[in-house]
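Novice: This is what each chain is made of:
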Amino acid sequence: MTPPVLDIRDLGISFGGLKAVDQVSFSAERHRITTVIGPNGAGKSTLFNLISGAIKPQRGQVLIDGVDMTGAAPNRTKAAGLSRSFQITNLFFELTVAENLRLAAQVLEPAGRAFLPVRRSERAMAKTAQMLERFGLTHRRDEIAGNLSHGDQRRLEIAVCLASEPKILLLDEPTQGMSHGDTEDTAKLVRNLTEDVTVLLIEHDIGLVMDLSDHVVVMHQGRKLAEGPPKVVRADPAVQAAYFGHH
Amino acid sequence: MRDRLTTSMRASHVLALIFVVAALCLAAFGAATGDTFYLRLGTEALIFAGLALSVDLLLGYSGALSLGQALYFGIGAYVSALTLMKVPSFWLAMGAAFLVTLAAAIIGGLIANRVRGVYFALITFGLAQVFAKVVYNTRELGASDGMIGVPVIQIGLGPFSVSAASPAGFFLVVLGIIMGLYALTAYLLDTPFGRVLTALKANEKRVPFLGYSVWRARMAAYVFAGLVAGLSGALYPMLRGFVSPELMFFATSGNAVISVILGGVGTLIGAIYGSVLLVILKSIIGSWTEHHLIVIGLLFMACVMFLPKGMVGFVRPRIERLLGREPAAPEPAPPSSATIKSGSAA
Amino acid sequence: MSPIDYLQFVLAPQVVNGLALGVAVVLVALGLTIIFGMLDVINMSHGEFYAIGAYVALAMGAAGIGFWFLLVLVPILMVPLGMAAERLLIRPVFDSKDRHVTTLLVTFGLALIVEDVLKVIFGPNTQRPPTPIPGATDLFGIIVPNYRLFLIAVGALIVAGVAYVVYRTRLGAMVRAAAFDRNMAASLGVPVSLVYAGTFAFGVGLAGLAGVLLAPIYSVFPTMGRDFILLAFTVVIVGGMGSIWGAVVAGLLLTQVQALASLVISPVWTDPIVFGTMVAFLVFRPQGLFGRLGHA
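Chains as they are written, first to last, in the numbering used here: chain A, 1 to 247; chain B, 1 to 346; chain C, 1 to 296.
Note that these hints are calculated values from the structure, not bench results. Careful, some of the hints might be misleading.
The calculated lysine-lysine pairs, modelled on DSS-like cross-linking and capped at a C-alpha distance of 27 Å, are [unchecked claim]:
| no. | chain 1 | residue 1 | chain 2 | residue 2 |
| --- | --- | --- | --- | --- |
| 1 | B | Lys-282 | B | Lys-205 |
| 2 | C | Lys-119 | B | Lys-205 |
| 3 | A | Lys-56 | A | Lys-19 |
| 4 | B | Lys-309 | C | Lys-97 |
| 5 | A | Lys-56 | A | Lys-167 |
| 6 | C | Lys-119 | B | Lys-282 |
| 7 | B | Lys-309 | B | Lys-205 |
| 8 | B | Lys-205 | A | Lys-167 |
| 9 | B | Lys-133 | C | Lys-119 |
| 10 | A | Lys-167 | A | Lys-188 |
| 11 | A | Lys-56 | B | Lys-205 |
| 12 | B | Lys-282 | B | Lys-309 |
| 13 | B | Lys-201 | C | Lys-97 |
| 14 | B | Lys-205 | A | Lys-19 |
| 15 | A | Lys-56 | B | Lys-201 |
| 16 | B | Lys-201 | B | Lys-133 |
| 17 | A | Lys-231 | A | Lys-188 |
Isolated chain A (complex conformation):
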């Protein structure tokens, strides 16, 4: 039996007595979309920071493909196949769209290419072109990333994460601040991602969550409140009270 691609066990951290993430355990199934939901301040983004290595957890374990990566620095979790996006767009704003993607894709090149001119990095260049095409950014490839519209920046953020061909993709509110049309497009995009990767998602749009997710984890005040298929979770009275009750 192969281990789950991402396995979270008893993960926890507190900031000055406040338990931001407390004993959270779940695992993400390969090529499925697992969504973490919960009200603001439930600890979702902190959870992502713990998994990706941005913050070291105080308790618990993070296993990627069965390998313990607890507390490993972001460049090491990245090397283990985990890629993440940010709630607040986090790009190389002074660089072009193509260069943003090429930088992410150049990890695919053999180490020896690191000291050859970038135009010799054929694989990274091909990947960049493929990502531009897939995310509809080809006509903007030489534009400075900072000049893109918000929607295009959010799309580029996902594309950058995907350009390094990760096994696991952590998406932190990918549709944040998007127009309705853009949100629809992004949802379609995320659904198609599962052909290549396992997706762990933070999302606020409940309609979208129900529509997209294979598995839902509900967080409340740092703890895991419930998990299961979307319909089961939605019907859970505790979730209704803690989460949907607020809306």
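With chain A's structure known, arrange chains B and C on it following the hints.
Specialist: Just chains B and C now, with coordinates in the frame of chain A:
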């Protein structure tokens, strides 16, 4: 497929070529008229251009302002002088300077790279000042007087041999080395390795999430910059026959920063043009007043405030457009070029 | 030499001299840390403002104006200078992408100019104003120049006064609010732009005051600002950028380290020891003794 950073680097190369041609003209003219003064001055400008190059690599590409880059320049100069006084061999002096600067830059990098931003600027400043003061007070290194009596050497270049005392000959050797360092730096910045350094400047926080170690990239940039400064410094005692603690003090580091700002941050070739401009300014203004710092200070402030990309930053976009037009003719003009054009309507 | 003699003739005078130097450094660092803490600006020309203060005092003293009057007059004269520098040089680049580096560079340019201007006006030679308070006092067998005792006392008063203004008055609260969140402060009716200019000018005035006070001890010459600036920056970093108490504690501590270390080792190595302390702080406690990083 065209890459914007590759294009701008090519534009820098065009300016580098113009520079080399101009320098060769000066060398030919100088040799023909038997000039010593201007060729020596030009050689000194080139040597300090190497120091400025290392400052621009850090400030313009990896985004770290070093206020103490003269430390490595001075270490290179002292090591070269000490070696030459024992064994008058060009290659041995360069090799020794390389190794010692490498070790020094690794130690310095371990200290300075613990912090970033303004703290990095202050710590590099302090590192150089403290080390310079120690040299200033060490009798074995000549203390405040420095060391004089570095012998004139013969530089063996395969079948040829050039004397460091020959103004035009040594000028050409230095030109070759400094432009070689420029070419090497430019080459590295256009590789995947170098692009990670530019990513540091653009958004350091994002870099680890792409799978690169920020610390390693910063160390690599710092050590490489230290080597460029050290190798340039190693040429100094060959030209002047002496070294002094002034080579390490803040004034020297400061001049390199001024050169980079005048020439253009993040253009590489700007550092070299800036150094030459600084030397020209100093000797022109210096010929009628000793208070040249007022003029240079004003010019420097004006550049920081109104011309943040310096002289080269002003010229280079035009060259980029000329270069960019060649391969992809049918491409529609990007919207940004319109604003650049309207801004520079001449 | 008996231990008692050592204490009286070597150790104690060294401690007292170190204390005077410590107060001097704190006075220079005070303006620096305020400008950094409130405006987030690294003022590389701070040492030159200190030199201007010393030269103005020297010139006016030569013209017959008394020292006590200068103590008040010079800082006041520095204020418009500080205001102008803030308006013309800092303000235009205040919102640039990398404020720290840009403001550092602009003030570095200003330092170059000021140094040369001082040379043009006053000449390159070292000058020394007469000591305003001559004589020395015998303190338990330690002979201390009166002016140094005065400096220590006045320094303590100035620090207390500045801390009172910054932490205890409405004006200080306004300044701190503007430093913490510019937009929030503006919406509460704080005249942010005036507060910024005023804070910078206040820091510059303090540098000028330090110039008046220290000129009789450390002499006056065009590059005098450079001598103190590294130590002052060290103090600001160790104390925590923007922290007044941090600057005081770090200033006194580091100068004592320097004074006492020079008893046991060659004075050449005291600078590396002080600098090593700064490096250690940056590595192990980057927020400094008291301060917090990047609050603005």
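Novice: Evaluate each hint against the coordinates.
Specialist: Consistency of the hints with the structure:
Between the alpha carbons of Lys-282/B and Lys-205/B the distance comes to roughly 41 Å, so the proposed pair goes past 27 Å and is violated. Taken as a hint, the Lys-119/C and Lys-205/B pair is broken in the structure, with Cα atoms around 45 Å apart against an allowance of 27 Å. For the hint pairing Lys-56/A with Lys-19/A, the CA-to-CA distance comes to about 14 Å; that is within 27 Å, so the pair holds. In summary, the hint linking Lys-309/B to Lys-97/C is supported, as the alpha carbons are separated by about 13 Å, within the 27 Å threshold.
For the proposed pair Lys-56/A and Lys-167/A, the alpha carbon gap of about 21 Å is at most 27 Å, so the pair holds. With a C-alpha separation of about 17 Å, the suggested pair Lys-119/C and Lys-282/B falls inside the 27 Å cut-off, and the hint holds. Restraint check for Lys-309/B and Lys-205/B: satisfied, since their Cα atoms lie roughly 24 Å apart, inside the 27 Å limit. As the CA atoms of Lys-205/B and Lys-167/A are separated by approximately 22 Å, the hinted pair is consistent with the 27 Å bound.
Proposed proximity of Lys-133/B and Lys-119/C is supported: the alpha carbons are some 24 Å apart, at most 27 Å. Distance restraint check for Lys-167/A and Lys-188/A: the Cα-Cα separation of roughly 19 Å lies within the 27 Å cut-off, and the hinted pair is therefore satisfied. A distance of roughly 16 Å separates the Cα atoms of Lys-56/A and Lys-205/B; the hinted pair therefore holds under the 27 Å criterion. A C-alpha spacing of about 22 Å is found between Lys-282/B and Lys-309/B, which places the hinted pair at or below 27 Å, so the restraint holds.
With a C-alpha separation of about 12 Å, the suggested pairing of Lys-201/B with Lys-97/C holds against the 27 Å cut-off. At most 27 Å may separate the alpha-carbon atoms for a hinted pair to count; Lys-205/B and Lys-19/A meet this at roughly 25 Å. This hinted pair checks out: Lys-56/A and Lys-201/B have alpha carbons roughly 25 Å apart, not beyond 27 Å. At roughly 32 Å between alpha-carbon atoms, Lys-201/B and Lys-133/B are farther apart than 27 Å, so this suggested pair is violated.
At roughly 20 Å between alpha-carbon atoms, Lys-231/A and Lys-188/A fall within 27 Å of each other, so this suggested pair holds.
In terms of the numbered hints stated before, the structure departs from hints 1, 2, 16, listed from lowest to highest.
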